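The listed protein sequences derive, respectively, from chains A and B. Each residue of the first sequence is one higher than the one before, counting from 13 in my numbering. Each residue of the second sequence is one higher than the one before, counting from 6 in my numbering.
Just so you know, not all the hints are guaranteed correct.
Computed beta-carbon distance windows for the label pairs [what the hints assert, rightly or not]:
{"hint": "1", "chain 1": "B", "residue 1": "146", "chain 2": "A", "residue 2": "59", "range": "26 to 36 Å"}
{"hint": "2", "chain 1": "B", "residue 1": "361", "chain 2": "A", "residue 2": "157", "range": "32 to 42 Å"}
{"hint": "3", "chain 1": "B", "residue 1": "84", "chain 2": "A", "residue 2": "72", "range": "35 to 45 Å"}
{"hint": "4", "chain 1": "B", "residue 1": "187", "chain 2": "A", "residue 2": "103", "range": "50 to 60 Å"}
{"hint": "5", "chain 1": "B", "residue 1": "499", "chain 2": "A", "residue 2": "139", "range": "55 to 65 Å"}
{"hint": "6", "chain 1": "A", "residue 1": "157", "chain 2": "B", "residue 2": "519", "range": "36 to 46 Å"}
{"hint": "7", "chain 1": "B", "residue 1": "259", "chain 2": "A", "residue 2": "109", "range": "32 to 42 Å"}
{"hint": "8", "chain 1": "A", "residue 1": "59", "chain 2": "B", "residue 2": "416", "range": "18 to 28 Å"}
{"hint": "9", "chain 1": "A", "residue 1": "109", "chain 2": "B", "residue 2": "150", "range": "52 to 62 Å"}
Short, incomplete list of chain B residues facing chain A, as computed with Cβ under 8 Å [stated by the list, open to error]:
{"hint": "10", "residue": "52"}
{"hint": "11", "residue": "236"}
{"hint": "12", "residue": "243"}
{"hint": "13", "residue": "244"}
{"hint": "14", "residue": "439"}
{"hint": "15", "residue": "448"}
One-sided excerpt, in silico: chain A residues whose CB lies under 10 Å from chain B [unchecked claim]:
{"hint": "16", "residue": "53"}
{"hint": "17", "residue": "54"}
{"hint": "18", "residue": "58"}
{"hint": "19", "residue": "99"}
{"hint": "20", "residue": "107"}
{"hint": "21", "residue": "113"}
{"hint": "22", "residue": "281"}
Calculated directly from the structure, the hints in this document are not laboratory data. Because the structure is a prediction, the values reported are computed rather than measured. Here a beta-carbon is modelled for each residue, glycine too, at the ideal position from N, C-alpha and C.
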Amino acid sequence: MSLGAYVGRRLLHLVPIALGVTILCFFLIHLVPGDPARTILGNQATDQRVALLRHQWGLDRPLPVQYGKFMGRVVHGDLGTSLFYGVSAGRLVLQRLPVTLWLIGFGALLSVLIAVPLAVIAATHRDRLPDHVVRAVPLVGLGFPPFWVGIVLLLVFGLHLGRGFPVGGYGNGFTGHLHSMFLPALTVAFGISPILVRSLRASLLEVLESDYVVTARSKGLPERRVLGRHALRNAVISTVSVLGVNIGYLVGGTLVIEQVYALPGVGQLMINSINQRDFPIVQGVTLVFSVMVVLVYLLTDVAHALLDPRVRFE
Amino acid sequence: MNARTRLLFLAILLSVSALCATAALASRSATPKRGGSVTFARIEDSQSFDKTNVFQNESIWLAEQIMEPLYTVTPDGKRVKPWLATSVKVSNGGKTYTFKLRPGVKFSNGKAMTSADVKFSIDDARKQSKGWGYLDAAIKNITAPNPSTVVFNLKFTWAPFLADIALFANGIIPKNWNGEPRAQFYKHPIGTGPFMWDKRVVGQSVTFKRNPFYWQKGKPYLDSVTWKFVTDENTRELQLRGNQIQVDEFPPFNSIAKLQHTPGVTMTLFPSTRTDYLDMNEKYPPLADRHVRRAISHAIDRQAIIKSVLFGHGKPANSFLPPQVPFYNPNSGGLQFDIAKAKAEMAQSKFPNGFKVTLLVGAGAQVEAAMGQILQNSLKQIGINVTFKQEDTSTEFQDVQKQNYQLAFSYWTMDIADPDELVTFAVDIKGGGAHSFFTEYNNPTVVNLSHKAQRETNAGKRAQLYNKLQQIAAGDAFLGFLYYSPFRYAYSSKLHGFFVYPLGNYHLEDAWLG
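All chains should be built: construct the whole structure from the sequences, respecting the hints.
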């Protein structure tokens, strides 16, 4: 099967997945107690005013009817209107999406930039001090919760040490985003890079002992070339899968980091909308998240195949 | 003059010069400066700027910067004073109010405000059945005999009328929503206030800029004000310290002491109308027993709650009305912590051996969890076993309003400078629309006093009615009065003239950066 056909087929899989996600999400969020009308009308709400608002929003209709209406809108690209803000839910989600994509993309990039050199150092110094240090120190990063790491980074780099980075926010323009998103991305990297280091180190150790590496060395190739051209390319294949799984997890897990750094991303929108029982936004974000996760896994598979010619698209 | 005398003279001269310079600096810093922008960071984003239908403080306090009422609340929160009107004449036995409008008031689009705008604005507000229209129910009709006069005819005498007119929902907007559809107008409202609409990124920030046509000459001083949505309290504090924001709205109680000693930060606790309560649902038979409710009220260790939850920044509540509300009676006999009295009340009740009760607590609501622990320990001493039912805050809110609870925490902040809004909500089981603060408390004497106070325009007589009402309600212990707490604001020491009223709103036309 060609790459194009494979990608097309996987994209078609998106339809039943997205449909399943919308059904699950729609009925789960409506099963949870809590009424958006009461939340919005506040503690002065009387039963009469709550009923009026519920009727206006169509929340007094049977759930299957509400779901039918929701899906009818979704196929036309309309996620409905936010109950809290009274504006298009789709527009709100799309406005927030770049922030989350920046966080995930920049975080993944920093994770790789940190993990690859550390893994190479560890693998080439097996069971020596650098290896022990590389294996132990990043694990500490895994032990700290992201909100704590975020606050410490803000304190150190945002308030002290010359106030080199802004204390939260998304910044303006590409360089502004790059500047503002560095600490949040570093916080993401703190969580992912230790896993990547361990995975890549293990693969590298295995690859470095394989016959073709011994052959490359015996041909007199410099060690840098052996590592870069022969060992790393093959070792990185399994790490790509690990990275893909972690990015997939990150899609729904950026919430804490967005909260700490006051980033107006999708995760932050999601949690506020759940608290406000803003059903259209919760449904919209879930739909977007599910599509993103499927796409990340698809990209991981494609990258895997491109790195390893033995992998066939089936 | 010898050398010693010359030295002394020089020292005196230098001291006097230093004193003069300090005084000059002080007087200069007290003179408002024009220019600069201020950014607020707060835990919630604004929902809507439709002042007639929005109940969220984070929206209301912003809308008030754009749309102003005829009368406004005084800084002590207890009275009203002329604002877009200069005076009012009451006639026809208290059923006709004739307002004279302030000359020279313009909307931010440059058009003059007239009586037609006032009539339109309040007619529109009172039509809103889902919104604040119920507070204008006494109005029979409004006429505009000339551009500077507005006449309100009431259906009956209504003592809180001027306080109701000062409500944000009765703020003045251009007639016919300035030619736009209603919903469109409130996406970027126009008013006579010190600031005008600039921009909004939904879910992130709202920015207002100076209204060049503002009727108070020279004001506002600030060029613009931005409200940012920053959910994490630690981040808000760090942003204040990093000068990325100038105002941190409602920092947590446990950070107050630290912020009070942070250089460059002013931490102020403004007296508020916020009152926290323990709701006791009388649909649960033990709580319908007056002695049981009195026992619980006596068993609440308010000082322990204030110490551990508010870190000392609060006062025990002794009435369901807060001190910043007119006719608050400090001697209404609100029950205070006394375990011996609590045991005596339990002994007189139908449940002398105690009972089990469930306390609704918001999941992740640390304040409620801490108060619940204190309450659980106290009530155990009088034979009441409390178990917690944790729910996320939205569900908790719904269950309280649907009276699907036994014990729960709640609070109130005033919207008008009159007790009527809270009294009706809290004790008028039928008229208040909230089953007496969702407790099912029903004392016809109290309801009758509340109705009489609504129609009594003599302030002295009204005070007597509310005194009696508070005393009976306190004796019935229909709510556990917990504590009064302040509004907490940490802001840049460069920000001057920032003052929060007991109702929670602020007049940013007086704020300036020095």
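Comparing the hints with the structure gives:
1. 146/B to 59/A: 26 to 36 Å: Holds - the Cβ-Cβ distance for residue 146/B and residue 59/A, about 29 Å, lies within 26 to 36 Å.
2. 361/B to 157/A: 32 to 42 Å: Cβ of residue 361/B to Cβ of residue 157/A: about 37 Å, so the range 32 to 42 Å holds.
3. 84/B to 72/A: 35 to 45 Å: 43 Å, holds
4. 187/B to 103/A: 50 to 60 Å: Between residue 187/B and residue 103/A, where Cβ atoms are some 21 Å apart, the hint is violated.
5. 499/B to 139/A: 55 to 65 Å: For residue 499/B and residue 139/A the Cβ distance comes to about 58 Å; the hint holds.
6. 157/A to 519/B: 36 to 46 Å: Distance hint for residue 157/A, residue 519/B holds at roughly 40 Å.
7. 259/B to 109/A: 32 to 42 Å: 36 Å, holds
8. 59/A to 416/B: 18 to 28 Å: With a Cβ separation near 21 Å, residue 59/A and residue 416/B satisfy 18 to 28 Å, so the hint holds.
9. 109/A to 150/B: 52 to 62 Å: 56 Å, holds
10. 52: 6 Å, holds
11. 236: 5 Å, holds
12. 243: 5 Å, holds
13. 244: 5 Å, holds
14. 439: Cβ of residue 439/B sits 6 Å from chain A, so the hint holds.
15. 448: Residue 448/B check fails; min Cβ-Cβ to chain A is 20 Å, beyond 8 Å.
16. 53: Where the cut-off is 10 Å and the nearest Cβ of chain B is about 5 Å from residue 53/A, the hint holds.
17. 54: 4 Å, holds
18. 58: Residue 58/A check passes; min Cβ-Cβ to chain B is 3 Å, inside 10 Å.
19. 99: 6 Å, holds
20. 107: 7 Å, holds
21. 113: Nearest chain B Cβ about 16 Å off; hint violated.
22. 281: Holds - the Cβ of residue 281/A comes within 10 Å of chain B, reaching about 6 Å at its closest.
Hint compliance for this structure: hints 4, 15, 21 are broken, all remaining hints hold.
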